[in-house]
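A.B. asks: Line order of the protein sequences matches chains E and R.
Its first residue numbered 1, the first sequence is counted upward by one per residue in the numbering used here.
Its first residue numbered 1, the second sequence is counted upward by one per residue in the numbering used here.
Incorrect hints may have been included.
[To be verified] Straight-line Cα separation of at most 27 Å, DSSO-like style, residue types lysine-lysine; simulated pairs:
{"hint": "1", "chain 1": "R", "residue 1": "K89", "chain 2": "E", "residue 2": "K135"}
{"hint": "2", "chain 1": "E", "residue 1": "K142", "chain 2": "E", "residue 2": "K39"}
{"hint": "3", "chain 1": "E", "residue 1": "K204", "chain 2": "R", "residue 2": "K18"}
{"hint": "4", "chain 1": "E", "residue 1": "K187", "chain 2": "E", "residue 2": "K135"}
{"hint": "5", "chain 1": "E", "residue 1": "K347", "chain 2": "E", "residue 2": "K402"}
{"hint": "6", "chain 1": "E", "residue 1": "K132", "chain 2": "E", "residue 2": "K121"}
{"hint": "7", "chain 1": "E", "residue 1": "K282", "chain 2": "E", "residue 2": "K415"}
{"hint": "8", "chain 1": "E", "residue 1": "K135", "chain 2": "R", "residue 2": "K144"}
{"hint": "9", "chain 1": "R", "residue 1": "K38", "chain 2": "E", "residue 2": "K132"}
{"hint": "10", "chain 1": "E", "residue 1": "K132", "chain 2": "R", "residue 2": "K21"}
{"hint": "11", "chain 1": "E", "residue 1": "K225", "chain 2": "E", "residue 2": "K251"}
{"hint": "12", "chain 1": "E", "residue 1": "K132", "chain 2": "R", "residue 2": "K145"}
[Unchecked claim] Some chain E residues near chain R, calculated using beta-carbon distances under 10 Å:
{"hint": "13", "residue": "N158"}
{"hint": "14", "residue": "G168"}
{"hint": "15", "residue": "G248"}
{"hint": "16", "residue": "N332"}
In short, the hints are calculated from the structure, not lab data.
No residue lacks a Cβ here, since even glycine has one placed at the ideal position from N, Cα and C.
The chain contents come next:
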Amino acid sequence: MNNSAQNDKYVFNFNFDEYLDIETYKQRGGFSALESALKEEQDNVIKKIKQSGLKGRGGAAFPSGIKLEMVNRAEGAEKYIICNADEGEPGTFKDRFIMTHIPYQLLEGITIAAYAAGAEKGFLYIRHEYPKPRKRMEQAIKELEEAGYLGKNILGSNFSLELQIFSGAGSYLCGEETALLASIEGKKGRPQIKPPFPTQSGYKGFPTLIHNVETLTNIPKIIEKGPEWYTSLGTDDSHGTKLISLSGDVKNRGLYEVPFGTSFHEIIYEYGGGPLEGHTVKAVNIGGASGVLVPPDRLHVSLEYGTCAEEEITIGSGAVFVLDERRDILDNVHNRVRFFLHESCGKCTPCREGLRQANILLERFRNAEASYNDLEKLERYTRVMQDASFCGLGQAAGNSLKTSFHYYRDEYISKIRNEEPAEVIA
Amino acid sequence: MTSKINVQDKSLLPTLLKKQKDSPFNFLSEDDVNSIAKELKLSRSRVYSTASFYSEISLSPRGKHIIRVCCNAPCENAGKEAIREAITKELGIEIDETTEDKLFTLESVNCLGACFMSPAMRIDDEIYGNLTPEETVKILNTYKKEHVDE
Numbered sequence: 001m002n003n004s005a006q007n008d009k010y011v012f013n014f015n016f017d018e019y020l021d022i023e024t025y026k027q028r029g030g031f032s033a034l035e036s037a038l039k040e041e042q043d044n045v046i047k048k049i050k051q052s053g054l055k056g057r058g059g060a061a062f063p064s065g066i067k068l069e070m071v072n073r074a075e076g077a078e079k080y081i082i083c084n085a086d087e088g089e090p091g092t093f094k095d096r097f098i099m100t101h102i103p104y105q106l107l108e109g110i111t112i113a114a115y116a117a118g119a120e121k122g123f124l125y126i127r128h129e130y131p132k133p134r135k136r137m138e139q140a141i142k143e144l145e146e147a148g149y150l151g152k153n154i155l156g157s158n159f160s161l162e163l164q165i166f167s168g169a170g171s172y173l174c175g176e177e178t179a180l181l182a183s184i185e186g187k188k189g190r191p192q193i194k195p196p197f198p199t200q201s202g203y204k205g206f207p208t209l210i211h212n213v214e215t216l217t218n219i220p221k222i223i224e225k226g227p228e229w230y231t232s233l234g235t236d237d238s239h240g241t242k243l244i245s246l247s248g249d250v251k252n253r254g255l256y257e258v259p260f261g262t263s264f265h266e267i268i269y270e271y272g273g274g275p276l277e278g279h280t281v282k283a284v285n286i287g288g289a290s291g292v293l294v295p296p297d298r299l300h301v302s303l304e305y306g307t308c309a310e311e312e313i314t315i316g317s318g319a320v321f322v323l324d325e326r327r328d329i330l331d332n333v334h335n336r337v338r339f340f341l342h343e344s345c346g347k348c349t350p351c352r353e354g355l356r357q358a359n360i361l362l363e364r365f366r367n368a369e370a371s372y373n374d375l376e377k378l379e380r381y382t383r384v385m386q387d388a389s390f391c392g393l394g395q396a397a398g399n400s401l402k403t404s405f406h407y408y409r410d411e412y413i414s415k416i417r418n419e420e421p422a423e424v425i426a
Numbered sequence: 001m002t003s004k005i006n007v008q009d010k011s012l013l014p015t016l017l018k019k020q021k022d023s024p025f026n027f028l029s030e031d032d033v034n035s036i037a038k039e040l041k042l043s044r045s046r047v048y049s050t051a052s053f054y055s056e057i058s059l060s061p062r063g064k065h066i067i068r069v070c071c072n073a074p075c076e077n078a079g080k081e082a083i084r085e086a087i088t089k090e091l092g093i094e095i096d097e098t099t100e101d102k103l104f105t106l107e108s109v110n111c112l113g114a115c116f117m118s119p120a121m122r123i124d125d126e127i128y129g130n131l132t133p134e135e136t137v138k139i140l141n142t143y144k145k146e147h148v149d150e
């Protein structure tokens with residue numbers, strides 16, 4: 001894995017052989033951002049984050065400074081901050097590495113964001129599948145409280161932050177912010193209608209700032225080195241760097257910190273060392289289970305919010321999963337559909353029933369028993385799921401299906417047995 | 001917005017997880033649900049509604065060690081099915097089954113965030129990656145041995 005040196009071109013500077021301790025973090029300038037932020041007006045801190053152009057790294061890419069300002073400006077007797085560490089997007093493991101290797105940078109980011117938003121209580125919502133990162137964060141929170149970087153009157157200021165860890169219980173949907181709130185409130189992790197947005201009415205009805213682990217870990221560096229430094233990284237369209245979780249059929253799987261503007265081709269061939277010996281790239285799944293399938297001839301596209309939006313590539317959480325020529329696209333798509341079928345909360349019909357039908361139809365294709373009618377149905381159900389689902393889960397569940405119809409249609413056609421209309425699906 | 005949430009609600013999910021952890025069979029019985037409902041002053045249906053929603057909470061008895069094999073695409077492509085078969089062959093259990101000696105339950109899980117070392121599985125709080133069927137059997141044996149040594 002790369003980026004081991006403390007390099008000014010990176011925000012995270014992972015050294016995967018090192019599990020940072022608090023003293024080393026301090027020696028490298030840790031907590032200097034917190035110290036200076038606490039001496040500034042909240043609005044100044046917000047201004048710097050807005051100037052940096054930082055966007056939410058969990059998948060939605062909402063401008064972080066604006067979200068921060070919304071919570072700061074919202075009326076509420078109390079305000080909360082929640083760090084979303086429910087990293088459930090299949091193929092994503094960046095937040096796991098942040099929590100195990102650089103937990104202090106994350107906690108410093110949470111504290112600065114909480115100060116700017118005016119939140120004095122908060123949660124770190126960690127998925128149940130991460131017992132070790134959870135223990136590491138518990139320990140780090142304790143250390144920071146003892147050293148005066150967390151808890152009451154941080155560094156002698158008037159600002160206090162009480163931060164608790166909250167464990168998830170195995171639900172992908174709880175990564176969605178309103179479902180996450182429901183989960184902390186002891187309910188089923190089902191999404192709620194927006195508005196009101198959590199920035200207005202979140203935990204217990206109070207204004208709540210919810211940010212992803214990677215987003216918050218950027219903040220100390222933006223404050224320490226300044227927004228101009230941050231905007232000098234990446235491109236004019238997208239500032240900073242992105243953590244890429246690279247998996248699948250490549251030589252060097254792993255986590256990479258990549259400046260915006262890098263092409264997906266470079267990510268796979270330079271960072272990842274290319275496909276395995278004697279094999280070729282057939283498809284690349286970008287953005288995890290909720291992402292798209294991209295054929296090799298489109299990998300020249302660069303990792304940038306604007307460009308990717310134009311090219312209909314979902315950056316999402318930054319998961320890049322490579323499939324070589326041995327892989328069956330329908331197997332892959334079916335795996336995704338089974339995943340969403342399991343994780344769907346069942347609240348809305350398009351998602352619940354659409355996925356159930358897609359599962360039945362894909363089984364038919366994989367058994368080479370499908371008809372043209374089945375393909376037409378699968379495409380129609382996918383459209384309905386994407387257009388009419390209540391939350392992002394159902395909408396995104398159609399992404400790999402839709403792109404597979406477009407780029408890998410032959411694979412469906414080759415599995416069609418006859419042209420008779422299929423029987424009514426039970 | 002007025003909030004109907006009462007103070008105890010925050011502790012429902014942690015209480016469920018803790019109670020399950022304390023159970024020798026890694027699950028919540030009807031009695032557990034009743035006592036949690038009483039303790040937190042919630043209706044039993046509320047407690048059931050939450051308990052039944054989450055994958056990590058079981059309402060039927062499980063083994064001492066829970067093996068979770070990742071079934072997502074990166075692990076599936078890397079040979080998860082061979083790992084699952086090796087476990088089934090070694091322990092005689094399929095997904096969602098428990099061995100007769102109540103030592104192991106086999107489950108499938110949606111992504112352990114270990115795709116950089118797929119295929120991966122989790123046994124209790126440990127994650128094992130870059131698995132081969134042979135390696136998997138060796139790992140299972142260390143858990144069996146630990147049990148014999150107790």
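A.B. asks: Among the hints numbered above, which are violated by the structure, and what are their numbers in rising order?
C.D. replies: 1, 9, 11, 13
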